[in-house]
Amino acid sequence: MKKIFFTIIAVFVLCLQNVYAQESQPEVQNKNVYKVQAVQYYFSDSEIMDEMKIQEHISNIGFKLLNANKIEKRMVFKYSKKDKLIKGVPELSKRQTVIYDKAIQYANSDDEVAALLAREIVKTAESYSGFMRGFVTSAQIKAAPKKYEIFFDKRAVDFMVNAGYNPVAMIVYINKAYPQKRFDIIGGHNLTSKRLANIYEYIYTKYPYFLKNNEYLTNEYYQNFLLTSQENRKKLQEKIKSGSKEKIKYE
Amino acid sequence: MNKVIVLLCVLIFSSISVNAIMTDEFIDETLKDIDCPKPEINVNYNYESFERIPIKLQILEPISTKKNNITDGQKIKFKVKQNVKHNHHVILTAGTIVEGTVETFMPRGMNGIPGVIILDDFEIPGLEKSKLKSTYIKRGPDLSLCVFPLKWALTFLPPTGSLTNFIVGGNAKISTKDTIQVFYYPAWN
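If you're matching them up, the sequences are chains A and B in order. By my numbering, the letter at position 162 of the first sequence is numbered 154, and the numbering carries on one by one without gaps. Count along the second sequence from 1, then add 997; that gives the number in my numbering.
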């Protein structure tokens, strides 16, 4: 009788241990699985890797522009996947240049990424100057972006050249990324054709080397710019022939 | 046979015209005989040292955004105001004429926005450009400090607040009395 009793207890205890073992094992296994999955997710997910690469690329070009131009103001560059079409609007208060997914998609080369970033750097650097640590200047830029637009474009060309980028890429980038509105009298922005003509004139005046030895002459987007800017370029030609210093009214 | 030849010629010439690359004739014409040197770039730098020597300059002829007498890339002459010394040696004597460039400028605008003049690219004899921190920015009187409070104060009486848009900012001027200070970093690359 005793033997039967001990056997039953032994079987019961063994069963109990198995049950606990079975209950506790999945937790351990799951934890390990989660860890492994997390590591795999972190290191092998192509989407994240792509984002990291883009972020690294943007930061690299951005900091190269800052250093080459000896800009002493702190700023950072952030890549965002938010769907904010063609508005790499930095938060002027944070001095954080946000480059949106849709904007970077139009940039096909380092020169074009530099064109996109250089413009935002000018804007962010400007937010440091003036009254109340740049608060008033930031308010001005927000209130009257049209006034600053061409000024920023021109300064961005300088920044690109100093950092060793081809400024013609700015024409290429803007030509393919920015739409053309009907009027600019009331709106907050200049006509894109007007901006392009001003950039072209600026490059012609200060950095003619890039137009004389134009790497972009066979580029489809640059060819399209030449096609669509004939009237404006004719006006520039007349100005140069006449030696006038008057500002051209581009369309 | 003639028809076939004519047809072939038409096809060949039409394909050439379709594939033609539009050349920038304007550039070819105007820059043909002009020497266009490659601009200097600044990609090899080492900003470890922060020892700097100020160089005080004075413009020879005043410039302003008011009279439209400046253009982008215009060369401007300056005079060195004081002797510049490094390691007890004079590296630049007072009165030396140096050349700078109007990098760009922005005319004054509505909403009290001031005019801006940016000078840079100074060519100082005996000093390397890469060792200079020479961007000089001059702004006109900023009237937006009046415009914005006035605009907000008048929001209760629409559209009077919008009338403040027509207040224009001041012109940027660089006169012969202004001291333009640039810095020379002798240890920079």
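Source of the hints: derived by calculation from the structure; they are not laboratory data. Don't take every hint at face value.
To be verified - The calculated DSS-like cross-link candidates involving lysine-lysine, where the alpha carbons are at most 27 Å apart (straight line), are:
#: 1; chain 1: B; residue 1: Lys1078; chain 2: A; residue 2: Lys139
#: 2; chain 1: A; residue 1: Lys204; chain 2: A; residue 2: Lys237
#: 3; chain 1: B; residue 1: Lys1130; chain 2: A; residue 2: Lys239
#: 4; chain 1: A; residue 1: Lys62; chain 2: B; residue 2: Lys1064
#: 5; chain 1: B; residue 1: Lys1082; chain 2: A; residue 2: Lys(-5)
#: 6; chain 1: A; residue 1: Lys62; chain 2: B; residue 2: Lys1148
#: 7; chain 1: B; residue 1: Lys1064; chain 2: A; residue 2: Lys56
#: 8; chain 1: A; residue 1: Lys62; chain 2: B; residue 2: Lys1029
#: 9; chain 1: B; residue 1: Lys1074; chain 2: B; residue 2: Lys1148
#: 10; chain 1: A; residue 1: Lys231; chain 2: B; residue 2: Lys1064
#: 11; chain 1: B; residue 1: Lys1130; chain 2: A; residue 2: Lys241
#: 12; chain 1: A; residue 1: Lys233; chain 2: B; residue 2: Lys1074
#: 13; chain 1: B; residue 1: Lys1064; chain 2: A; residue 2: Lys65
#: 14; chain 1: B; residue 1: Lys1078; chain 2: A; residue 2: Lys227
#: 15; chain 1: A; residue 1: Lys231; chain 2: B; residue 2: Lys1126
#: 16; chain 1: A; residue 1: Lys139; chain 2: B; residue 2: Lys1135
Hints that the structure is at odds with (numbers, increasing): Violated hints: 1, 3, 4, 5, 6, 7, 8, 9, 11, 13, 14 and 15; rest satisfied.
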